[in-house]
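Student: As given, the protein sequences belong to chains A and B, one line each in that order.
Just so we're aligned, residue 137 is where the first sequence starts under the working numbering, counting upward by one.
Just so we're aligned, residue 73 is where the second sequence starts under the working numbering, counting upward by one.
What the hints contain is simulated information worked out from the structure, not anything from laboratory work.
Model, not experiment: these values are computed from the prediction.
Among the clues, some could well be false.
The calculated DSS-like cross-link candidates involving lysine-lysine, where the alpha carbons are at most 25 Å apart (straight line), are [as the list claims (entries may be wrong)]:
{"#": "1", "chain 1": "B", "residue 1": "Lys-332", "chain 2": "A", "residue 2": "Lys-180"}
{"#": "2", "chain 1": "B", "residue 1": "Lys-581", "chain 2": "A", "residue 2": "Lys-176"}
{"#": "3", "chain 1": "A", "residue 1": "Lys-189", "chain 2": "A", "residue 2": "Lys-176"}
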Amino acid sequence: MKRLFQAFAIVALLFSASDAFAGKNSKETVTFQVPMKCHKCQAKIEENIAFEKGVTDLQVNLEEKKVTVTYKKKATDVEKLKAAFQKLGYEVVVEEKKD
Amino acid sequence: MREIKRFIISLLATSHIVFVFGGASIQGVVLDEHNQPLPGAEVYWMNGTEGTITDNNGHFILEKEESSQNKIIVSYAGYEDDTVTINPSIATQKIKLTESLQLDEIGVSAQKLTNVLNSRIAVVQTQQMNSGELRRAACCNLGESFVNNPSVDVSYSDAATGAKQIRLLGLSGSYVQMLTEKIPNFRGLASPYGLNFIPGPWMESIQVSKGISSVTDGYEALTGQINVEYKKPISSDKLTVNLFGSSARRIEGNIDGAFKLNDNLSTMLFGHYENDTKEHDMGGDGFLDQPKVQQVNLFNRWYYRTEKLISQVGAKYIYEDRQSGQTEAACRNNENPYNIGIITHRGELFTKNGILYDDDRNSSLGIIVAGSFHDQKASFGRAEYNARQGNLYTNIIYETTINKRHTLKGGGSFNGDWFNESIEGIEYQNNEFVPGMFAEYSFKWHEKFVAMAGVRGDYHPTDKFFVTPRLHLKYDPCEWVYFRGSLGKGSRTTHILGENNYLMASSRKIIIDDQLKREEAWNYGVSANAFIPTGKKRKISVITEWYYTHFINQVIVDMDSDPHLVHFSNLDGRSYASTFQAEISYEFFRGFTMTAAHRITDVKQTINGRLREKPLTSRFKTLLTLSYQTPLKKWQFDVTGQLNGGGRMPDPDPTQPLWEKEYKPFPMLSAQITKRFKTWSIYIGSENLLNFTQKNPIIEANDPWGENFDASMVWGPVHGRKIYAGLRWRLKQKD
């Protein structure tokens, strides 16, 4: 049983660390201001933006109405992501963008 | 009654909200159930883009939107969302929300580290398992939903029929009040197999309340309540499908669809079919490890809402065919095979209604009427047991708020049971009608202290008039710690054969004393919940609790005095159950959560003149769950390990012992991997990964007609490792 738990922790760490080894230059992170109103909005964004092509990480801060998206530069860009938010009914503004 | 209260509060909200419409904005105030302001609640236009958040006094001002409808949505973490139609002609400006234990699966609250929510506000210690928690395991039905839960145990009652019993606070299921949508359910005949009667995918959430409960729900909950909320047509996906298959060749299909017929009326249809008809005999004793089961389960519910009324109506039908006993191989060349067959038809009908009574005092009236019919035809070897039970339940609650500190509830209830049992062709009838009245008073002081005191009086045909007092206290000294205490009485009528007919799968002679009294017990408990900050975002959740149940009357099941009989008699001496549990949860890093829990159980009762440990009751349980979700929540990994403490077996025959006096601690391990796509998900998992099984769970299985044959000596798993896989698909409602 101990081995199984060790294996579980290793899998979890590998998944969480995989981004760090994926090559920072190939990715970009952008923070959007999103007029979210409630947890349902949060769920809607998480369920949809997570499946946009190229998206590798997503963090929604409902209190500050901010969504931070990390994506592969080759697969998508900020305009495509803005369009994805628009499709869900949210007009978003880019607050911060960094490589 | 929580559900009724939700209706009522929604009604209050609908009819109370009044806004100043003169300018380009509206304004109002959002309050909780105790009229306390809710700062930080979200208020926004339905189908609009404008939204705002209430200030520290619960007030808000919302800019008008031309494009929006005349409706706003009010939302607050831990409370039910409410959609409110604005009435510009009324001047009262308040919206009341009611506490919800139904946070979104992905939602975050201060008390929520996993998908289990420990209510901070409820005065009764309550733990909610939401849909996210239920999807961490296969959860094919209610009985399989507690794999990851440290508080609730589910085990087989015997090694032949597949009857299951739930244990809470160390005591078996009959002392736990089972409810569906806050209506008492699965009593009497339905209790041995009722845990299989609710398919997992139909459930929206499960609430586990420990200790005594509110008097408004009746007098029966001696150690706690388990309430199941089905999916609701107003908040469910348009269509969901769940398919499941396991290495044991069990297949299941579930489907449910929600239909909004107009603004007031919506309905939902549920369907379930399971087929588990493959024979398994891993122990090689010639008996099936688990019964072959086919079940069809159908449910239709309706939801109707106007300004003054919210009404729900539902109807359910269950058919189950359960076959067990000797395997086909053992039956071959056997002129007298031992077979078990149980065929069940069950129908349920309910209506729940909330009516606004008096706007000024927030007074309201809730009415529940529910009925069920249960027909069971069973044979255990040569013994036949056919039984029918009818039930009618009504509960009427009037509630009024005197002021922001004082709330009063009162009402009346009626419960009627009709039993008709036939054993070996001899018929027995037993009817029981219990009318009752109750009152409950709540006092709240400065967000720090809540006291809820209730009393009910009921009239029983044999006990005549009896009183059930109950008291709950809650104290929040600071933001991150709170304490609860409870004290109260509970009682119940036993239906010996209806609840224990699985014991007929044994050569033990069943002796039931005349004049068995109703069971009666006091329950006391204290608990402390702490949420200790460890940084900006993370908190350690620590819950410790102690509960003690002290029986005044109890029906003692004596399997010790003679290994060839089971004797049901009144308690003559002491009987108690004491449990202590500590639970700790922590998110080590983003997505990786651990819960560890340990419970110590001490259950003793006077059996044949001696105070002894209750047999087949584990002395401890240690549980560790690990859960990891990738950043995009596309993958989820869950592992749960358990160590169930040893315990005492019923005394074996001293001259010819056929089983040990004790059983040792045993491990259980389960794991599941889930992969989510946009509209569907797949999962694969395993139960009992370590393949641990109890050796020889059926005593003298090779001679089922002999005097030593006994399937009731079961303390551990009877089926080994199972691998399963499933698929979930959903079609979301349009916004």
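Student: What hint numbers does the structure not satisfy?
Tutor: Hint 2 alone not satisfied by this model.
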